[in-house]
Amino acid sequence: MAFFVARRLLYLVPVLIAVSLLTFSIASLLPGDLAYTILGDQATPENVAALRADMGLDQPIWWRYLSWLGNVMQGDFGRSFRTGQTVLQAVSERLPVSIELMLLAQLGALAIGVPLAIVCAARNGSPFDRFMTGSAFGMLSVPTFLSAILLIYLFAVELRWLPATGYVPFGEDPVANLRFMVLPALTLALAEWPGIMRVLRSDMIATLQEDYIALAKAKGLTPARILFVHALKPSSLTLVTITGINIGRLIGGAVIVETVFALPGIGRLLIGAILTRDLIILQGVVLLVGAGFVLMNFIVDLLYAVLDPRIRHGHA
Amino acid sequence: MATLELEIAEEAVTQPARKGRRLGTLFWLAIGWMVFMFAAAVFAPVLPLPSPTDMDMLERRAPFSVEHWLGTDGLGRDELARLIYGARISLVVGLCAPVIGLTVGGALGMLAGYFRGRFESMVVGSMDVLLAFPPLILALAVTAYLGQSIFNLTCILGALGIPAFMRVARAATLTLARREFVIAAQALGATHARILLRELLPNVILPLFAFFLLGVAVTIVVEGSLSFLGLGVPPPISSWGSMIGEGRESLDVAPRLAFLPAAAMFLTVLSFNLVGDTLRALTDPRQGAL
Chain A
1 MAFFVARRLL YLVPVLIAVS LLTFSIASLL PGDLAYTILG DQATPENVAA
51 LRADMGLDQP IWWRYLSWLG NVMQGDFGRS FRTGQTVLQA VSERLPVSIE
101 LMLLAQLGAL AIGVPLAIVC AARNGSPFDR FMTGSAFGML SVPTFLSAIL
151 LIYLFAVELR WLPATGYVPF GEDPVANLRF MVLPALTLAL AEWPGIMRVL
201 RSDMIATLQE DYIALAKAKG LTPARILFVH ALKPSSLTLV TITGINIGRL
251 IGGAVIVETV FALPGIGRLL IGAILTRDLI ILQGVVLLVG AGFVLMNFIV
301 DLLYAVLDPR IRHGHA
Chain B
317 MATLELEIAE EAVTQPARKG RRLGTLFWLA IGWMVFMFAA AVFAPVLPLP
367 SPTDMDMLER RAPFSVEHWL GTDGLGRDEL ARLIYGARIS LVVGLCAPVI
417 GLTVGGALGM LAGYFRGRFE SMVVGSMDVL LAFPPLILAL AVTAYLGQSI
467 FNLTCILGAL GIPAFMRVAR AATLTLARRE FVIAAQALGA THARILLREL
517 LPNVILPLFA FFLLGVAVTI VVEGSLSFLG LGVPPPISSW GSMIGEGRES
567 LDVAPRLAFL PAAAMFLTVL SFNLVGDTLR ALTDPRQGAL
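For the record, the sequence lines run as chains A and B. The opening position of the first sequence corresponds to residue 1 in my numbering, with each subsequent residue numbered one higher. The opening position of the second sequence corresponds to residue 317 in my numbering, with each subsequent residue numbered one higher.
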């Protein structure tokens, strides 16, 4: 196991370096001069030259990359030239919102997807199974922003049960916080449950054909006990892998959902930085999100190896 | 693109597709809708439609009528015309971007799967880096720098699709390259180019095409998301995503302004998913494909 972790960690280093290189080159090689953007109307050739020298923009590109990377390593991601906030401040203020949103969404998706998958697998081929598999397939074609609009229309405009936009920190008023979070989390959960349900259902159908399930039936165990105790755990391996793949979609979905529901999370920060051309914030957020995504996939890989010993030993 | 969760396993293309399997009514309905959308988008300029950009401030959010079949939007523009011109954007971006992924990713994947070795690990490694970013974030970041235009959007979304196509092509090539007909061709002294183009390509192209259709569905969704956020095609060009975004403002008075483009987008994405998934199941002899 230690060998496996070490190998995966070693693999992480070049990927992270490449992520930083890609982030930096998006920001530096593409047209548009940062100095002009910052100065705006006051851009005279002298001003621009002075600012470029001040920010080190006149240095060769490899030197700028190395010094930027050096700063990043020391935790200095730069400072927004619009608000004066450092990237780390801005991100740490908004991160809890995004994490709460994604956790609630994932919980919601599991709460919808897992029971449906179990019932469908137990009644494989029944009208209910076919109906749910069909709906799951249909839901995969509903973009996040579509279900967001639909939910806002239904619950905020027509029924007036829940607020459409806004946010209160959890620490201030937990109930109000959850009321604001229900629709955004549900929107993301609606996009996530079909994947969970489809994967778990097909794995579960395979598990239910194993001999030990037949033995459990012969022993006279109740169907609920067989399904939940004997079949669920061995069927949930693929589920863990697709969780890793889905994190990327979840982050993308969170950007849209935060914008639609006006939640002050990382996604809103990113969109705001793009709209105000706040390139330092943009660069920092993209780097942090990319690195975070790589790390989360690394953790999912490890989790998978813990659950399935064959992976550790390279037999699968 | 990580949103594409389909992956063709290594043994996916070991048998030719079974003939005579029924495709079902839904499949043909989906094809029908695709043909209908295509025709409407292609012939939009010659159809008897009002201009999609002409504003009529006296007729804002007008209900369905003989002049405006689907009413007008918040600026008095004809909704049906905007829907059809929006279809052009969604389809142009949705079809062209996966073509980039298909050609570049397909070629890289076939070369990697055929030649193996250091070239393969290089290709797979660099694709892993591209996959290290959540796709929407990367698309947002690059559009922010490059500027919004249909061309830029297509190129970015196309580049984002390359890793997925590469994987599919590589997986298919890996198994095919060990098959008898390839070994026979090698024994006969065929060049690498001939084996790749005449022996492997015709077999790899089928699963790639099925994947292409799923890629179209994903691209339409991502283009819609970007336009919805106001970072896709620049106004006044209408795209379904931007129409939904504009319709969001008037959900309480005229919800149809958001729901009409939403329905058009849903049906189109669903059609591509359905047809792509059916074709994938046909080219994939493993049972239990959902």
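Honestly, the hints are just simulated from the structure, not real lab data. These figures come from a predicted structure and were not determined experimentally. Incorrect hints may appear among the rest.
Stated by the list, open to error - Which residues of chain A face chain B? A few of them, derived with a C-beta cut under 10 Å, are: (1) 140; (2) 277; (3) 289.
Every residue gets a Cβ at the ideal spot worked out from N, C-alpha and C, and that includes glycine.
How the hints compare with the structure:
| no. | hint | verdict |
| --- | --- | --- |
| 1 | 140 | holds (6 Å) |
| 2 | 277 | holds (7 Å) |
| 3 | 289 | holds (6 Å) |
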